[in-house]
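Going down the list, the protein sequences come from chains A and B. Each residue of the first sequence is one higher than the one before, starting from 1 at the first, in this note's numbering. Each residue of the second sequence is one higher than the one before, starting from 1001 at the first, in this note's numbering.
Since no wrong hints were added, every one of them can be taken at face value.
Ranges of calculated distance between the beta carbons of each label pair, as one might list FRET restraints:
1) Gly35(A) with Phe1011(B): 30 to 36 Å
2) His21(A) with Asp1112(B): 51 to 57 Å
3) Thr37(A) with Glu1013(B): 24 to 30 Å
4) Phe1011(B) with Glu90(A): 26 to 32 Å
5) Gly1076(B) with Gly35(A): 55 to 61 Å
6) Asn1212(B) with Asp64(A): 42 to 48 Å
7) Ala1047(B) with Lys54(A): 41 to 47 Å
Derived by calculation from the structure, the hints in this document are not laboratory data. None of the values given here were measured: they were computed from a predicted structure. Idealized CB from N, CA, C, for every residue including glycine.
Each chain is listed here by its residues.
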Amino acid sequence: MAEGMESTWLWFADRSHFCIHDMGEVSYLYCMRSGDTHVFNTVSMAILEYFAEKPHSIADLIEDFPELMGLSREECPRGVVRRMFNELDEAGLVMPLEAAP
Amino acid sequence: MQDKSNQNSEFLERRRQLLKMGAAGMPMVLTLKASANQTIHSALDCAFILTSAVNILVDHEGKVWVGNDTIEQGTGGKLKTSDIASFKNNADFVFPADTAPDDYVPDECPPDPCSGDDDGGGWDDDDWYYGSAGKDLLQQLQESGSIVAFTGNNRGGGSRGDDDDDDCNNGDDDDDDWDDDDGGSGGSSSTWTDCGYNYYQITANTTITPLNYMNQNGDWQISGNEGLYIVLGAKYLDYYGNDGGFPGISCLHSILTYLQTA
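Construct all of the structure, not just a fragment, from the sequences and the given hints.
What follows is the structure in structure tokens.
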């Protein structure tokens, strides 16, 4: 769980590690670091791209997420956003900036 | 132009649906391991440990929020309304109406004659992606008589004050036992509530053994806070299968799969 102090860390998704193929609403991402293939929907892909664009904190994500999705803040509970970020973290697709190679 | 606008609204609606599915626990990222099949724990007597505290909020429609925030409880089991709002906002899992078994569902608050609407519900009040479609495990359990007993605890008390001498001003006539604000913040008559929500807590490091909730005939006997957790796990499985995310899901999956095939 990325909580507490980790929420202030800056996280980054390194596009150079990914090979992405979009197929309609679903995107397949092959991660060259892990050798795993991940299946994304439009929501999780938007989050990954958010971190690929430039480093952000989890607090940034929570703040920007409604606008990113074009939805209201009420439709984007913080806990849900945080958990979706954790999925990227647990899959090893985002990393803290200082840990980036 | 019109087409583009329609496309945009469809796209937004699709995202909204996906987000609701995410709120209910559906993984947003699926990982396909090169190692083919993930091993599923197949022991029927499996147990799982909730390593962190799990708190569960149930509203009068049977909607459920699961998270690790806490809700302050006042005298008589009253819940702090601001904590309720915060809990819902920070929930890790959100389940739609009719998810919780009836025994866990609180009474609805009596209508407040002083205001047009209540329940600053927000997004959880509208329709759900999977609302009525698909099979409903809980319903099946109930119809088949599988849920045969309940010994609830931690209920909100069910006392919905009906002493109706509240005359809609901001006075705190203290014999009204469902909207008593002893916090002293002037004017607010809804600091605490003892209706509309039930709150269940499971402490960290609780071990849950699903088979303890099953009798010799293989019927579920759901009771207590852990029993509610098992029902939620079953609901999760019903919708999404054994797809990570919900603690203990692998264990429940192995049991339910066994029961279906045995």
